[in-house]
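Trainee: Protein chains in written order, with our numbering: chain W, 89 to 514; chain L, 2 to 220.
Derived from the structure by calculation, the hints contain no laboratory data. Treat the hints with caution; some may be incorrect.
[As the list claims (entries may be wrong)] In silico lysine-lysine, DSS-like type, Cα no more than 30 Å apart, as pairs: (1) W:K318 <-> W:K223; (2) L:K219 <-> W:K268; (3) W:K155 <-> W:K192; (4) L:K92 <-> L:K219; (5) W:K270 <-> W:K417; (6) W:K478 <-> L:K125; (7) L:K79 <-> L:K190; (8) L:K79 <-> L:K30; (9) L:K79 <-> W:K478; (10) L:K30 <-> L:K219; (11) W:K223 <-> W:K350; (12) L:K119 <-> W:K438; (13) W:K478 <-> W:K223; (14) W:K350 <-> W:K290; (15) L:K92 <-> L:K190; (16) W:K270 <-> L:K119; (17) L:K219 <-> W:K270; (18) W:K158 <-> W:K192; (19) W:K223 <-> W:K158; (20) L:K125 <-> W:K268; (21) L:K79 <-> W:K158; (22) W:K350 <-> W:K318; (23) W:K290 <-> L:K219; (24) L:K119 <-> L:K79; (25) W:K417 <-> W:K184; (26) L:K30 <-> L:K119; (27) W:K183 <-> W:K417; (28) W:K438 <-> W:K350; (29) W:K478 <-> L:K219; (30) W:K350 <-> W:K292.
[What the hints assert, rightly or not] Here are the computed distance ranges between Cβ atoms for each label pair: (31) L:K219 <-> W:T502: 54 to 62 Å; (32) W:N469 <-> L:K92: 29 to 37 Å; (33) W:K155 <-> L:G159: 52 to 60 Å; (34) W:R130 <-> L:L220: 24 to 32 Å; (35) L:D52 <-> W:R319: 36 to 44 Å; (36) W:F129 <-> L:T187: 42 to 50 Å.
[Claimed, not checked] Sample of chain W residues with no beta-carbon within 12 Å of chain L, all distances over it, derived: (37) K183; (38) F220; (39) A416.
Please read all numbers here as calculations on a predicted model, not as lab measurements. The C-beta atom is built at its ideal place from N, Cα and C for all residues, glycine as well.
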Amino acid sequence: MEAAQKQATEKPEFSEYDYSNFYYGAGDDPLNLLRPFADWFRDARPSGYYLYSEALGSAPTTHVRVKNGKSGRWQELFNLASYNYLGISYRPEVKKAAAEALEKYGLGASGSPILSGTFDVHEVFAAELARFKDKEACIVFPTGYSANVGFISALMRSGDTILLDQYSHASIVDGAILAKSKTVFFRHNNPLDLERKLANVKGKKLVVVEGVYSMDGDMCALPEILEVTKRHGARMLIDEAHSTFLFGQNGRGVAEHFGLDKEVDFHLGTFSKSLGGQGGFVAGTRDLIDYVNAFARSRFFSCNLSPVLTAGLLAALRIAASEPQLRAKLWSNVAFLRRRFAEEGVDIGKSNSQVMPVMVNNDARVLAVAEKIQDRGLFLNPVTYPAVPKHKSRLRISVSAAHTEEDLEAAVQTIAGVLREEGICR
Amino acid sequence: MSITRYGYRDAISGFFEFPTDNARRILPKGLEPIEPHHGTSVLAITVFDFDESEVGEYGEVVYAVLVSPLVRDGRLPKGAFYPWQVATTTKAAREHAIERWHLPHWMEDVGVEFVREKGRVTAKVTADGAPAMEMTITDHSWQTVSHLYQSFQQDDTGRYLANILFEGEKSEHEEETGRIVLLDNTFNKDVVISEVYETPFRELWMRNGCQLFDPLAKL
């Protein structure tokens, strides 16, 4: 029997393949990509991939209604999956502000921000955000993705060099692709490798880091990486998607946490994580924001963020700025979970933030483990290769200030119990 | 023609990041490098310790670029390679591979030494009488597998595809515990050594297994 024929007759397990195997297809027809993926996904979905994109039927509070992707039945689950780190998005003040804006403006912006899509509420929001970030000005984007794509491609050109941490978010990578600059990746959080990669680079250079990395929950080694960046005459962009409103004395982010807020050149953040809303922003000098306004195509050619959402975000921003006790409660919850997971022998990797990966380290079983945990009342997200390295599969937890220690304790016991049953922790 | 079998004691591979500019200089037209990151391709270096073949026992070193596979008719490969330099420890093995598989060859015998330690193996390669490369691969969890890979070849006579089934015990991981040292030797002339990251992002170790080659297909 021929080798390939043998392979065809002995159908491999779905778990031997992943999304990365279906990126390329044969022939001249783009539709050729579809069938191999569909054949595989037919097996993969009921075997665990149903855990992705499950629909919610309630607000993303600490407890949610989730439509089980396998059975189709609604489940009441303790929510460890939604960002909403400060538990603000469903606060009465936020809902009231959004409701009033809906009454005043109707549904959407009905235009690009540079034409007819800018409303008074956008201007107020951008100004208050700039004050919160202690910068001259801010510019708001419809999503965090478009903020990175738009900002990076607005500033960098063909012939320039962009240096990215290897764990950079897809929006940063896509921004670099759109900029047509040479893209060089340095090892995660490794200033020595950045030094090596910067050594022979001429011309305009931009180093991009994230305040907190979304899959491992570890903070940027900012002082060391910034020192190398400056010494080589490069500029730095910090994406504080997972750290704005949380880190630093005033909640401005990881740059403030390290006392380097003024030294970092460009500051970017989002409203979908800590505020539980939507959108992204860049903060900086007036000149910078004027330039980005003119050249960020992802914003220029999109409809502006809805004034309804913007009004809700403005209310959420005011809460985040005026209630530092929310940050204190979040960090108290994080400390509690870290201690309890350590006592139970649950590995949370290198996390030192509110993003906690529960390491399963078994690509073949992570989906079954997640399914078991969901069946016992917890909503959290499995993450497996190629989103993370092979054998580094995990369950990702987002801690919220709205969680209670009682609920977190119950979650720890459920997670540790399942991991013990599966032989993953002691 | 039936399948061709090559049994091996060990086959170790390291996947190393190197610039796509370098990969494109190596690849013929029509083959696309796989990019784990934008602008970064994969240099796959494999060293075999064959203990059973039509031409006896021998060692082999393969320098390849990971490319997009040819997916068709229910055959779903795990991956695909474009080997641009294959070197063997014997003349018989070299002539066999050129004649049977149209593999591009380093035309002199090379030295291949395997140093086996607990949980790791190091392959030391010499070419032109001097050290050329030293690669260490570590193990992780082992499982018995049967995986299909594709190898694309091109020479003056045309373009070819070999379907190759790898069978045996396999360890595969991304712990970044392996290492390569590429030395200043003409053996490495096609890569910019300083731009090859010395730690493999993926390490594969096959042992006590075999490669089963389908008859070569002309493309």
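Trainee: Hint by hint, say whether it matches the structure.
Mentor: We went through each hint and held it up to the structure:
Pair hint W:K318 plus W:K223 holds up; C-alpha atoms about 20 Å apart against a cutoff of 30 Å. For the proposed pair L:K219 and W:K268, the alpha carbon gap of about 37 Å is over 30 Å, so the pair is violated. At most 30 Å may separate the alpha-carbon atoms for a hinted pair to count; W:K155 and W:K192 exceed this at roughly 34 Å. Taking the CA atoms of L:K92 and L:K219, the gap is about 25 Å. The hint holds against a cut of 30 Å.
A hinted pair counts as satisfied when its Cα atoms are at most 30 Å apart, and W:K270 with W:K417 does not qualify at roughly 43 Å. Between the alpha carbons of W:K478 and L:K125 the distance comes to roughly 27 Å, so the proposed pair stays at or under 30 Å and holds. This hinted pair checks out: L:K79 and L:K190 have alpha carbons roughly 29 Å apart, not beyond 30 Å. Restraint check: the Cα-Cα separation between L:K79 and L:K30 comes to about 22 Å, which is no more than 30 Å; the hinted pair holds.
As the CA atoms of L:K79 and W:K478 are separated by approximately 14 Å, the hinted pair is consistent with the 30 Å bound. Restraint check for L:K30 and L:K219: the C-alpha separation of about 16 Å stays at or below 30 Å, so the hint holds. For a cut-off of 30 Å, the pair hint linking W:K223 to W:K350 stands: about 9 Å separates their Cα positions. As the CA atoms of L:K119 and W:K438 are separated by approximately 28 Å, the hinted pair is consistent with the 30 Å bound.
Straight-line distance between C-alpha atoms of W:K478 and W:K223 comes to about 41 Å, which puts the hinted pair past the 30 Å bound. Between the alpha carbons of W:K350 and W:K290 the distance comes to roughly 25 Å, so the proposed pair stays at or under 30 Å and holds. For the hint pairing L:K92 with L:K190, the CA-to-CA distance comes to about 22 Å; that is within 30 Å, so the pair holds. For the given pair, W:K270 sits about 41 Å from L:K119 by alpha-carbon distance, which is inconsistent with the 30 Å threshold.
Simply put, L:K219 and W:K270 have alpha-carbon atoms about 36 Å apart, too far for the 30 Å limit, and the pair is violated. About 42 Å separates the Cα atoms of W:K158 and W:K192, which puts this hinted pair outside 30 Å; it is violated. Distance check on the hinted pair: W:K223 and W:K158 sit about 48 Å apart at the alpha-carbon level, beyond 30 Å; violated. As the CA atoms of L:K125 and W:K268 are separated by approximately 40 Å, the hinted pair breaks the 30 Å bound.
A threshold of 30 Å between alpha carbons decides the hint, and for L:K79 with W:K158 the separation of about 28 Å falls inside it, so the pair holds. Proposed proximity of W:K350 and W:K318 is supported: the alpha carbons are some 13 Å apart, at most 30 Å. The straight-line distance between the Cα atoms of W:K290 and L:K219 is roughly 45 Å, outside the 30 Å bound, and the hint therefore fails. About 28 Å separates the Cα atoms of L:K119 and L:K79, which keeps this hinted pair within 30 Å; it holds.
Annotation: proposed proximity of W:K417 to W:K184 holds, straight-line Cα distance about 24 Å (limit 30 Å). Of the pairs offered as hints, the one joining L:K30 and L:K119 is violated, with about 43 Å between alpha carbons and a cut-off of 30 Å exceeded. Restraint check for W:K183 and W:K417: satisfied, since their Cα atoms lie roughly 22 Å apart, inside the 30 Å limit. For the hint linking W:K438 to W:K350, the alpha-carbon distance of about 27 Å falls within 30 Å, and the restraint holds.
A distance of roughly 34 Å separates the Cα atoms of W:K478 and L:K219; the hinted pair therefore is violated under the 30 Å criterion. A C-alpha spacing of about 20 Å is found between W:K350 and W:K292, which places the hinted pair at or below 30 Å, so the restraint holds. Our hint of 54 to 62 Å for L:K219 and W:T502 holds, since their Cβ atoms are close to 58 Å apart. Hint check: W:N469 to L:K92, Cβ distance near 56 Å, so the stated range 29 to 37 Å is violated.
Checked against the given bound of 52 to 60 Å, the beta carbons of W:K155 and L:G159, roughly 55 Å apart, stay inside it. One distance hint, 24 to 32 Å for the beta-carbon pair W:R130 and L:L220, holds here, with the actual separation near 30 Å. For the pair L:D52 and W:R319, the beta carbons lie near 53 Å from each other, so the given range of 36 to 44 Å is not met. Taking 42 to 50 Å as the suggested C-beta distance range, the pair W:F129 and L:T187 conforms, at roughly 47 Å.
Consistency note on W:K183: stated as away from chain L, and its beta-carbon is indeed over 12 Å from all of that chain's, at 41 Å minimum. No beta-carbon of chain L comes within 12 Å of the beta-carbon of W:F220; the shortest separation is about 33 Å. For W:A416, the shortest C-beta to C-beta distance to chain L comes to about 37 Å, beyond the 12 Å cut-off, and the non-interface label holds.
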